[in-house]
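**Q** If you want the building blocks of each chain, they are given just below.
There are 2 protein chains.
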Amino acid sequence: MAKDFFGRNENYSQWYNELVVRADLAENSAVRGCMVIKPYGYAIWETMRDVLDKMFKDTGHVNAYFPLFIPKSFFSRESDHVEGFAKECAVVTHYRLKKNEHGTGIVVDESAKLEEELIVRPTSETIIWDTYKNWIQSYRDLPILCNQWANVVRWEMRTRLFLRTAEFLWQEGHTAHATEEEAIKEAETMVNVYADFAEKYMAMPIMKGLKSPNERFAGALETYCIESMMQDGKALQAGTSHFLGQNFAKAFDVKFLNKENKLEYVWATSWGVSTRLMGALIMTHSDDNGLVLPPKLAPTQVVIVPIYKKEEQLAQISEMALKIKANLEAQGITVKYDDRDTQKPGWKFNEYEFKGVPVRLAIGPRDAENGTVEVARRDTLSKEVVNKDAIATLIPALLDEIQQNLYNRAKQRITETTRNVNTWEEFTSEIEKGGFLVAHWDGTSETEQKIKEETKATIRFIPIDSHFEDGKCIYSGRPSKQRVFFARSY
Amino acid sequence: MAKDFFGRNENYSQWYNELVVRADLAENSAVRGCMVIKPYGYAIWETMRDVLDKMFKDTGHVNAYFPLFIPKSFFSRESDHVEGFAKECAVVTHYRLKKNEHGTGIVVDESAKLEEELIVRPTSETIIWDTYKNWIQSYRDLPILCNQWANVVRWEMRTRLFLRTAEFLWQEGHTAHATEEEAIKEAETMVNVYADFAEKYMAMPIMKGLKSPNERFAGALETYCIESMMQDGKALQAGTSHFLGQNFAKAFDVKFLNKENKLEYVWATSWGVSTRLMGALIMTHSDDNGLVLPPKLAPTQVVIVPIYKKEEQLAQISEMALKIKANLEAQGITVKYDDRDTQKPGWKFNEYEFKGVPVRLAIGPRDAENGTVEVARRDTLSKEVVNKDAIATLIPALLDEIQQNLYNRAKQRITETTRNVNTWEEFTSEIEKGGFLVAHWDGTSETEQKIKEETKATIRFIPIDSHFEDGKCIYSGRPSKQRVFFARSY
Numbered sequence: 028m029a030k031d032f033f034g035r036n037e038n039y040s041q042w043y044n045e046l047v048v049r050a051d052l053a054e055n056s057a058v059r060g061c062m063v064i065k066p067y068g069y070a071i072w073e074t075m076r077d078v079l080d081k082m083f084k085d086t087g088h089v090n091a092y093f094p095l096f097i098p099k100s101f102f103s104r105e106s107d108h109v110e111g112f113a114k115e116c117a118v119v120t121h122y123r124l125k126k127n128e129h130g131t132g133i134v135v136d137e138s139a140k141l142e143e144e145l146i147v148r149p150t151s152e153t154i155i156w157d158t159y160k161n162w163i164q165s166y167r168d169l170p171i172l173c174n175q176w177a178n179v180v181r182w183e184m185r186t187r188l189f190l191r192t193a194e195f196l197w198q199e200g201h202t203a204h205a206t207e208e209e210a211i212k213e214a215e216t217m218v219n220v221y222a223d224f225a226e227k228y229m230a231m232p233i234m235k236g237l238k239s240p241n242e243r244f245a246g247a248l249e250t251y252c253i254e255s256m257m258q259d260g261k262a263l264q265a266g267t268s269h270f271l272g273q274n275f276a277k278a279f280d281v282k283f284l285n286k287e288n289k290l291e292y293v294w295a296t297s298w299g300v301s302t303r304l305m306g307a308l309i310m311t312h313s314d315d316n317g318l319v320l321p322p323k324l325a326p327t328q329v330v331i332v333p334i335y336k337k338e339e340q341l342a343q344i345s346e347m348a349l350k351i352k353a354n355l356e357a358q359g360i361t362v363k364y365d366d367r368d369t370q371k372p373g374w375k376f377n378e379y380e381f382k383g384v385p386v387r388l389a390i391g392p393r394d395a396e397n398g399t400v401e402v403a404r405r406d407t408l409s410k411e412v413v414n415k416d417a418i419a420t421l422i423p424a425l426l427d428e429i430q431q432n433l434y435n436r437a438k439q440r441i442t443e444t445t446r447n448v449n450t451w452e453e454f455t456s457e458i459e460k461g462g463f464l465v466a467h468w469d470g471t472s473e474t475e476q477k478i479k480e481e482t483k484a485t486i487r488f489i490p491i492d493s494h495f496e497d498g499k500c501i502y503s504g505r506p507s508k509q510r511v512f513f514a515r516s517y
Numbered sequence: 028m029a030k031d032f033f034g035r036n037e038n039y040s041q042w043y044n045e046l047v048v049r050a051d052l053a054e055n056s057a058v059r060g061c062m063v064i065k066p067y068g069y070a071i072w073e074t075m076r077d078v079l080d081k082m083f084k085d086t087g088h089v090n091a092y093f094p095l096f097i098p099k100s101f102f103s104r105e106s107d108h109v110e111g112f113a114k115e116c117a118v119v120t121h122y123r124l125k126k127n128e129h130g131t132g133i134v135v136d137e138s139a140k141l142e143e144e145l146i147v148r149p150t151s152e153t154i155i156w157d158t159y160k161n162w163i164q165s166y167r168d169l170p171i172l173c174n175q176w177a178n179v180v181r182w183e184m185r186t187r188l189f190l191r192t193a194e195f196l197w198q199e200g201h202t203a204h205a206t207e208e209e210a211i212k213e214a215e216t217m218v219n220v221y222a223d224f225a226e227k228y229m230a231m232p233i234m235k236g237l238k239s240p241n242e243r244f245a246g247a248l249e250t251y252c253i254e255s256m257m258q259d260g261k262a263l264q265a266g267t268s269h270f271l272g273q274n275f276a277k278a279f280d281v282k283f284l285n286k287e288n289k290l291e292y293v294w295a296t297s298w299g300v301s302t303r304l305m306g307a308l309i310m311t312h313s314d315d316n317g318l319v320l321p322p323k324l325a326p327t328q329v330v331i332v333p334i335y336k337k338e339e340q341l342a343q344i345s346e347m348a349l350k351i352k353a354n355l356e357a358q359g360i361t362v363k364y365d366d367r368d369t370q371k372p373g374w375k376f377n378e379y380e381f382k383g384v385p386v387r388l389a390i391g392p393r394d395a396e397n398g399t400v401e402v403a404r405r406d407t408l409s410k411e412v413v414n415k416d417a418i419a420t421l422i423p424a425l426l427d428e429i430q431q432n433l434y435n436r437a438k439q440r441i442t443e444t445t446r447n448v449n450t451w452e453e454f455t456s457e458i459e460k461g462g463f464l465v466a467h468w469d470g471t472s473e474t475e476q477k478i479k480e481e482t483k484a485t486i487r488f489i490p491i492d493s494h495f496e497d498g499k500c501i502y503s504g505r506p507s508k509q510r511v512f513f514a515r516s517y
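So the protein sequences, as listed, match chains A and B.
According to the numbering used here, the first sequence is numbered sequentially starting from 28.
According to the numbering used here, the second sequence is numbered sequentially starting from 28.
Only chain A is shown next, with the shape it has when bound in the complex (with noise of 0.2 Å):
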C-alpha cells in the first residue's frame, strides 16, 4: 500500500478523494463546487475526448458551438425540463462592476441590470432547439447531428471531485430528424458508441439498458444509460441518450415541410457523457497503491527509469534506454525515460506506481551489461527480467495484455456481484452487500419511490433485450412481466 494512503476497504470514499488529488488528476479551487483538472488528468481527459470525437464523427456528426448562457424564459417552454433544470443553477443578473464609492474594491454596478436574467446552461436542449427552428424548413434539411464539446454547471450542494461538480466539461449532443424511428435509432446507435467506449478504451464492462420514468431525463420519453459497477458495490451511470420525441420541437415551435408537403413536428434525441466518466475510469481499476491505467488512455504507456551509481553507468543505461524509448515510440507507443538526477529510482518507482503507468521497465549496471531488463507491470504489480532484444516485440503485446486482464477483473466483479433476489427480506439483506439486484418490480412510480427512501436503492436500469418473465415485485407483490437492475448508485 501507498504510504499514508487510506486503503480502498479502510474508507473508500477518503480512498478515492485521496487519490485524485495525489495522482495530479485535480483539486477543489476558491470557487465552490469548481474543480481545477490539473494536466495529468486533462491529458486523460483529452485522450477520452479525441477518440469520442472520432467516434461521433464516424457515425455522421459534426461538431459545432452554442451560447454559455440561456434566457431565463427558456427553461420554462418545456414543462418537465424546467422542473428538473431550471433549479440549482448559476444565475447571471447584471452586466457590470464599479469601483466600491465608499470603500475598497469593486461592487456590482446596481444599473447594469439584466431585463431578463441569463442562465449558466445546465444543459443545452432549449437554446439549441431556439436555433434549430431557423435552420429547418423542410425534410431536405434532416437529420441535423450535431455535437458541442463545452463546459456546463449545475449549482450542486455535495460535490466531489470529477462525479459531481459544479461546472465540468461534457460533450452533448442534440439530433433533429424527420421520423421517431430515426430519432429511436439515434438514440441508440449513441448509447452503443458509450458503450464500445467504455468497455474498449476504458476497459470498463458496462450494462446497457432504459431508465425508468423516475429516473429519466426531464423532458425524455426515453433515457437509454450505460451503468457501471464500482468497487465499493454501488454503480454509476457513465452515459445517457436521450429520446426526446416532439418536446423540444413542439417547445420552440420547430416544424418542417415533409415529403408529403405537410407540417409535422420535428423528432430529437440529445446524449451526453461527462468528466464523471474520470471519476468512473479511477474507480474502476485503481488500488491501494494508487491509480491504475488502461494502456489506452494512459498520457504515459511506459517508464524507463535508470538505476545507478556513476555517471559513467548511466551514459551505457541511457544508450539502452534510448535505443529502447525510439523503438516502441515508432510503433505508437509513448514512452518517457526518467534520468532526472533529482530524484532517486524508489521515488520515482512509487511516483509512477501512484500515477498508474501500465509498463515501468527499470534498468541497472548489471542490466546494461548483460542486456536485460526489468519489465513491471502495473496491474498485477509483478516483474520479470527479460532481454532487451524482446522488448520491441514484448512490450505492445503486454500493453494489450494489460488492458484485457483490467477488464477482465472489472467483469468478473460485475458478474459476481450481480444477482438475482426474490423477496423483500433478501432484497434489504442484499442490497448492504452492494451490487446489482435483479428483482421484479411493478412498474410504477410509487413503489420505485418507496424502494429509494427504504433502501437507498434505484433502478439503474431495465435491460432492453431480456427475456420477459411472469413474476411478484418484491416490494408491492404484484404482478411484473421483467426483472430489473436494483442498485445504491453514485
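There could be a bad hint or two in this list.
Below, simulated DSBU-like cross-link-like pairs (lysine-lysine); rule was C-alpha separation at most 35 Å, straight line [stated by the list, open to error]:
| no. | chain 1 | residue 1 | chain 2 | residue 2 |
| --- | --- | --- | --- | --- |
| 1 | B | 125 | A | 125 |
| 2 | B | 375 | A | 289 |
| 3 | A | 160 | B | 375 |
| 4 | A | 323 | B | 323 |
| 5 | A | 371 | B | 286 |
If you want the footprint, here are the derived chain B segments under chain A, 3+ residues with CB under 8 Å [said to hold, decoys possible]:
| no. | region |
| --- | --- |
| 6 | 51-58 |
| 7 | 61-70 |
| 8 | 97-107 |
| 9 | 117-124 |
| 10 | 134-145 |
Bear in mind the hints are in silico, worked out from the structure with no lab data behind them.
Quick reminder that beta carbons are idealized off the backbone N, C-alpha and C, glycines included.
Put chain B on the given structure of chain A with help from the hints.
**A** Frame of chain A; chain B shown alone:
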C-alpha cells in the same frame, strides 16, 4: 459577384456580416452578443485549434482546465488588472430559480444569493495564479507551462460575429518561471508561434512588435503582438503574448525557494488567440464571390461535381470521380463528391464557391469519355481542363500553390499600404486611405491619446528589431528615436 450580395467596396462591413452568415460560419443567437458557431465555421476553428495545440505541445506546454467563475475579490488584487477587466463582465449573483408564486414561469430565488458574487472569466490570470500558489514551492516546480482551451465572456456593447462577441472561444497560456529572462523568452517564443501559425496556416502575413503602454494588457509589463492588415485598410490584432513580470505573483503571493535557498516572487507570462482569428481569416482572403479559404484550413479542400442528364452518364462519371477521390484521400487531401440529385450543378458551383472550397473538379459526360476533368481554382476563379491521370500529382501541387498565392496577395497588400509619413498634414490625409502609417512618436501616452482622438488611429505596435532613427514626433514635434506603426483598427 454572388447574387444579392454586397461587394467589398460597396459596404465592407455589411459584406463581412453577410458573408459570415451566408457561408454558414456563424450567426447571432437569442442571447445578446453571443454567437452560434455553425458546423462549417466550427470545423475551421477545430483545425486551427488542433494545429495550434500541436505547436504548443511541441514547445513544451501541457493543457489543463481552470474554473469558469472567478470570485469578485480576485479582480481587485492586481490594480491594473481590475481597471482593464472588472468592468463589463457577466456577474453571477444567485444560484437558484423557483416557480413564480404570483404568476407564471420561474423567477430568481432571492434566498439563494451568493455571499460573494462570481464573475464569468474574462481572462484567467487571477484564478490561475491563486492555483499556482499551491503548486509552487521551489525552483524544482518551475517552469509551469500550462495552456487552457476555454470560453470567456466580456460584456461588449457593440458586437460583431467572430470579431467582437460577448462570449468567445480561445486559448490562454499561463506560465510561471524562476527568472525574468526565462519569462521574457517565453513571451517571445509564443508570439513567434502565433506569427508562424498565421503565416503558414492562415496564409496571413503579419507584423510583429510591442504594444505601447496605452494598448498593453492590463497587468502586463510588456505585450507582444501580431497585427495584420485587412482589405479595407484597417489593422487587426490577431494574437498577444504578455510578459507579466512579478505582478500576479505579488498579487497572489506566489514565491519560490531559488537555488540559493532564498524566497523570490515567480515570473509570469500569458498569451492567447481566440475565435477572432476566424474574422481575420475571413477578411484577409475573401472576395465578392464569398469566402476564400487557404487549403491548409479548409474543411473540404477539393469538391467534385458531376454534370449529367441521364443515370447511365452518372454511373460512368461516378466511377471516375470515386477513383480520383480515393487517390487524393490517400494523399491526405479532404475530398467531397457531391452527387446529390436534389440540387443542380450550377447551384453546387455557387455553393462551393461561396463557401471557399479551394479546388472544384467538374466531370461531364464528354469528360468521362475523354478522360478529362475541369479544374477550377477558388482563389483566381480560373479553370482548365486536364487529363484525369494528371490529377493525382496536379492537385497537391495546386493546393500548395493556392496557399502560397493567398499569402502573396495579402503580403502585397500589406506592403503597398504600409508607408512612412513625416508630417501631421500627411498623417491626417493618409490615414483616410487606410494601411499602416510608419511615423515618429514622442513616446508619451498623451500624444498617443490625442492622435487617437483626432484620427481614430492608434499605435498598433512598436517594432522590436527596427533601425533607430532620429526624427520628430508627427504630432508634438518633440524628438523621437524610432518610428512606430499607426493604423485604424478592428
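**Q** Now tell me, hint by hint, if it's right for this structure.
**A** Here's how the hints hold up against the structure:
1. Distance hint between residue 125 (chain B) and residue 125 (chain A) is fulfilled; the C-alpha atoms sit about 29 Å from each other, no more than 35 Å.
2. As the CA atoms of residue 375 (chain B) and residue 289 (chain A) are separated by approximately 27 Å, the hinted pair is consistent with the 35 Å bound.
3. Between residue 160 (chain A) and residue 375 (chain B) the CA atoms are separated by roughly 24 Å; this keeps the pair inside 35 Å, and the hint holds.
4. Note on residue 323 (chain A) and residue 323 (chain B): the hinted pairing holds, with a Cα-Cα distance of about 30 Å set against a maximum of 35 Å.
5. For the proposed pair residue 371 (chain A) and residue 286 (chain B), the alpha carbon gap of about 19 Å is at most 35 Å, so the pair holds.
6. By the rule of at least three residues with a Cβ nearer than 8 Å to a Cβ of chain A, the coverage given for the region 51-58 of chain B holds, with 4 such residues.
7. Restraint check on the region 61-70 of chain B versus chain A: 8 residues with Cβ-Cβ distances below 8 Å, three needed, restraint holds.
8. By the rule of at least three residues with a Cβ nearer than 8 Å to a Cβ of chain A, the coverage given for the region 97-107 of chain B holds, with 7 such residues.
9. Chain A is given as covering the region 117-124 of chain B, and this holds because 8 residues of the stretch bring a CB closer than 8 Å to a CB of that chain, at least three being needed.
10. Counting residues of the region 134-145 of chain B whose CB falls under 8 Å from any CB of chain A gives 3; the rule of at least 3 is met.
When each numbered hint is compared with the structure, no violation occurs for any of them.
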